Amino acid sequence: MKENYFLAKWLANEITDLELKKQVSEKEFIAYKKIKSTTKNLKAPEFNSEGLLSAIKNNKPKQNIRNFRFNYFYKIAAAIVIIFSAFYFISTKNTVFTTKYAEKTSFELPDKSKVDLNAGSKIVYNKKGWDSNRNLNLKGEAFFSVKKGSKFTVNTKLGSVSVLGTKFNVIVRNNYFQVTCYRGLVSVNYKNNIVKVPAGTSFKVNNNQSGKTFAIKDALPSWIENFSTFTSMPYHYVIEELQRQYKIKIVYNSQFENTLFTGNFTHTNLKTALKSVTIPLNLTYKTIGGAKFSFVENKK
Amino acid sequence: MIEDEKNGFCEEKKFNVFFRNHSTLLFNYLFYKCGNTDLAKDLVQDSFFKFWQNCSKILPTKAKSYLFTIATNLFLNAYAKSNVILNYKNTIKKDFTNESPEFILEEKEFESKLQKAISNLTEPQRVAFLMHRIDGKKYKEIAELLGISVKAVEKRIHNALINLRKNIDEI
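In order, the protein sequence lines correspond to chains A and B. Under numbering that gives the first Met the number 0, the letters of the first sequence match residues 0 to 299, in that order. Under numbering that gives the first Met the number 0, the letters of the second sequence match residues 0 to 170, in that order.
There's no promise every hint is true.
[Unchecked claim] Label pairs and their calculated CB-CB ranges:
#1 A:K39 x B:I161: 37 to 47 Å
#2 B:L58 x A:T15: 49 to 59 Å
#3 A:K26 x B:L58: 26 to 36 Å
#4 B:R19 x A:I29: 37 to 47 Å
#5 A:K121 x B:K56: 47 to 57 Å
#6 A:E49 x B:I161: 38 to 48 Å
#7 B:I103 x A:K42: 33 to 43 Å
#8 A:K39 x B:L75: 29 to 39 Å
#9 A:I29 x B:K107: 10 to 20 Å
[To be verified] A short list of chain B residues far from chain A (calculated; beta carbon distances all over 10 Å):
#10 I57
#11 Y65
#12 E101
#13 K115
Simulated from the structure, these hints should not be mistaken for laboratory data. Note that the coordinates shown come from a computational prediction; the quantities given were computed from them, not determined experimentally. Think of the CB as a built atom: it goes at the ideal place given N, C-alpha and C, for glycine as much as any other residue.
One chain only, chain A, in its complex shape:
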């Protein structure tokens, strides 16, 4: 049988007094009636909801919560961003070595491969994953003594040089690109042509002409021994190298720009060096203030 909570129904005015009377005694009915009427007048204690609302807002809860929640969230977010960006920055930050004019440097790469950097040059590489991917960018001139290991690549704007372990020199100056191998074998990627450069040979390209491979005699690039050696090099290139090595400015007649020059100059004595590059072309040098020099033709 379905439960019949007639008292509840009566209290909610769902059934009438008469209906209730049928279910309970007269005495009970009077009692219930009295309970009903009296409880109508019951009141709960005073409750100051506005006061509590402001308490909630001012005290611990609301505003604080909001700040807390947002601050907390932003703090964590900021921390994560900082950690990740720092990690990213550190891990992907390129290591840069540069040399100014009249400055040479040598350093070791993470795998102990040695790099000699000639004046006015720049090497950029990334320490991250160096062991598996030895890759660096070169501007200028550098001599590499590469430890055996994974493929070692020197990227330049004129071509890339790949080796497995050897000693080689790379020059990238303006439109001049030269790779000289002193030990082992290097492969040069020049305009998508792979050129193998074995030990004791040099590969050079000037002004987008086709590359030339030729034999060399030296065991080391001369600049390592503080000389710059040129074989049939345009004179402007020689002057540029001289300017780099001594941090000087040279003014000369542009008619000599592309005159081929064979010879060398020292990096340790400016006067000797100036003579070395002027005498073969029947020129003399004059100081024109500071670190400026002018090359003039000898009077006949």
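With chain A fixed as given, assemble chain B onto it according to the hints.
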């Protein structure tokens, strides 16, 4: 009504409206449970505090019963912690006049008897009964707030009335 709004209660305006609409009922509910205004007040504050913390997760249609669930749980925690049976304090304000002194006396006597009887009810019966009598909540609403069926509310109220009558007779 706040229930009609779609978003959560994280917006201060919405929260305020919700608070104003339901804080008194919640307070009364807690008061019926524990008979202690201070505890009820604290529990209201804590309940809304918790409600606010979870404001983003609350569905508008469930907000009210969620609030009462929070309050009930907090009450149980507080009750378990204190383990003190609190006295039921009920303030009855009456507004009838023009009665004979005997009648007033009788009424007063009856009121105090009723008051005692109410405090002697079981907690679920008292809560359901007073929510109906004082807050004027329909059984359906009470059922929703307490998370029980309407039949269960009716049973509580039915039994509350029986217990009240018996109790008053005995006193």
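Okay, the hints, checked on the actual structure:
1. A:K39 x B:I161: 37 to 47 Å: violated, 19 Å
2. B:L58 x A:T15: 49 to 59 Å: violated, 40 Å
3. A:K26 x B:L58: 26 to 36 Å: violated, 49 Å
4. B:R19 x A:I29: 37 to 47 Å: holds, 40 Å
5. A:K121 x B:K56: 47 to 57 Å: Holds, since K121 of chain A and K56 of chain B (Cβ atoms, about 56 Å apart) stay within the stated range.
6. A:E49 x B:I161: 38 to 48 Å: holds, 39 Å
7. B:I103 x A:K42: 33 to 43 Å: violated, 18 Å
8. A:K39 x B:L75: 29 to 39 Å: holds, 30 Å
9. A:I29 x B:K107: 10 to 20 Å: Holds, at about 18 Å.
10. I57: Check passes; 14 Å lies beyond 10 Å.
11. Y65: With a cut-off of 10 Å, Y65 of chain B remains clear of chain A, as the shortest Cβ separation is near 16 Å.
12. E101: holds, 15 Å
13. K115: For K115 of chain B, whose nearest Cβ neighbour in chain A is about 13 Å away, the distance exceeds 10 Å, so it holds.
In this structure, the hints that do not hold are numbers 1, 2, 3 and 7, in rising order.
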